[in-house]
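Engineer: Our numbering numbers the first residue of the sequence shown as 1 and each following residue consecutively.
A few of these clues could be false.
As a list, the in silico DMTMM-like pairs of lysine to aspartate or glutamate whose alpha-carbon atoms are at most 20 Å apart [what the hints assert, rightly or not]: (1) 51 to 67; (2) 100 to 82; (3) 51 to 8; (4) 100 to 77; (5) 33 to 67; (6) 100 to 87; (7) 51 to 68; (8) 33 to 68; (9) 51 to 105; (10) 100 to 112; (11) 51 to 18; (12) 33 to 8; (13) 33 to 18.
Beta-carbon label-pair distances, calculated as ranges [what the hints assert, rightly or not]: (14) 26 to 97: 19 to 25 Å; (15) 109 to 50: 17 to 23 Å; (16) 7 to 79: 20 to 26 Å; (17) 11 to 76: 36 to 42 Å; (18) 18 to 107: 33 to 39 Å; (19) 112 to 89: 17 to 23 Å; (20) 73 to 17: 19 to 25 Å; (21) 66 to 8: 16 to 22 Å; (22) 8 to 68: 29 to 35 Å; (23) 25 to 105: 15 to 21 Å.
It should be emphasised that the hints constitute simulated quantities derived from the structure, not laboratory data.
Quick reminder that beta carbons are idealized off the backbone N, C-alpha and C, glycines included.
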Amino acid sequence: QGLARASDGSLFVASRLDGGSLIVHAADGSYRKVASGLAGARDVEMAPNGKLYVADASRGVVLAVNDDSSLSLVAPDLAALDGIWVDNSGVLYAVYGTNKIAVIDAAGQRTELPLAGVVTGTISGMSVREGSVYGVVGNQNTVLKIGSQAGAPAIEPGTVVHTASVEINGLDPSGQSLG
1 QGLARASDGS
11 LFVASRLDGG
21 SLIVHAADGS
31 YRKVASGLAG
41 ARDVEMAPNG
51 KLYVADASRG
61 VVLAVNDDSS
71 LSLVAPDLAA
81 LDGIWVDNSG
91 VLYAVYGTNK
101 IAVIDAAGQR
111 TELPLAGVVT
121 GTISGMSVRE
131 GSVYGVVGNQ
141 NTVLKIGSQA
151 GAPAIEPGTV
161 VHTASVEING
171 LDPSGQSLG
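Between the sequences and the hints, there should be enough to build the whole structure, so can you do that?
Structural biologist: This is how it looks when you write it as structure tokens:
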């Protein structure tokens, strides 16, 4: 389901096979199971410090993968969890429900982005570009600015920054929409 690339070229894959697991495919072609018990594994992201996070949609939680392959709860109560993203400063974003994003900082503090009335559908992808966080709202065929990091361009959150005549399915790492 989800993919994350490590700095050494390894690729981490969240898989629903074998009852749900996190598998690492090393740059040399070998692979191994890193964690199991992830029946609802939907997405996986790697923080800049190398910490792995897994979105488990069946339980509505975000889990951290520890060095010993055990799992730690990072964020509970995320009904209809769709995906996660980690920015360059290690802040975790969890997209869940209809138009909801939980933001979990490095200290574990959770805040909710106020998107009611701004986003009327499901956010299906996220990216950061020049310090601003953007989200794809596929049913609106738009890319919206969701939030900002320090030093980001001055665009108010909720501003439509791109529209398309076809459904937008995601954003590439540079923030360009993928149709």
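Engineer: Straight-line Cα separation of residue 33 and residue 18 no greater than 20 Å?
Structural biologist: Holds, at roughly 10 Å.
Engineer: Would you check the hint for residue 51 and residue 67, treating anything up to 20 Å between C-alpha atoms as holding?
Structural biologist: Judged against 20 Å, a Cα distance of about 9 Å means the pair holds.
Engineer: Below or equal to 20 Å on CA atoms is what counts here, so check residue 51 against residue 105.
Structural biologist: Holds, because 13 Å separates the two Cα atoms, which is no more than 20 Å.
Engineer: Looking only at beta-carbon atoms, does the pair residue 8, residue 68 fall within the given range of 29 to 35 Å?
Structural biologist: violated, 19 Å
Engineer: Take a quick look at whether residue 100 and residue 82 sit within 20 Å of each other, Cα to Cα.
Structural biologist: Holds. Residue 100 to residue 82 sits at ~10 Å (cutoff 20 Å).
Engineer: Next pair to validate is residue 100 with residue 87; report whether the Cα-Cα distance is within 20 Å.
Structural biologist: With a Cα-Cα distance of about 17 Å, the restraint between residue 100 and residue 87 holds, given a limit of 20 Å.
Engineer: Has the given pair, residue 51 with residue 8, been kept, meaning a C-alpha gap of at most 20 Å?
Structural biologist: holds, 14 Å
Engineer: Regarding the pair residue 33 and residue 68, is the alpha-carbon distance no greater than 20 Å?
Structural biologist: holds, 12 Å
Engineer: Checking one constraint from the list: CA of residue 33 to CA of residue 8, max 20 Å. Satisfied?
Structural biologist: holds, 17 Å
Engineer: State, for the Cβ atoms of residue 109 and residue 50, whether the hinted interval 17 to 23 Å holds or is violated.
Structural biologist: Because 21 Å falls inside the window, the suggested range holds.
Engineer: Taking 15 to 21 Å as the stated bounds, is the beta-carbon spacing between residue 25 and residue 105 within them?
Structural biologist: violated, 30 Å
Engineer: Is 19 to 25 Å right for how far apart the beta carbons of residue 73 and residue 17 are?
Structural biologist: holds, 23 Å
In the structure shown, a violation is registered for the earlier hints numbered 11, 14, 16, 17, 22, 23, in ascending order.
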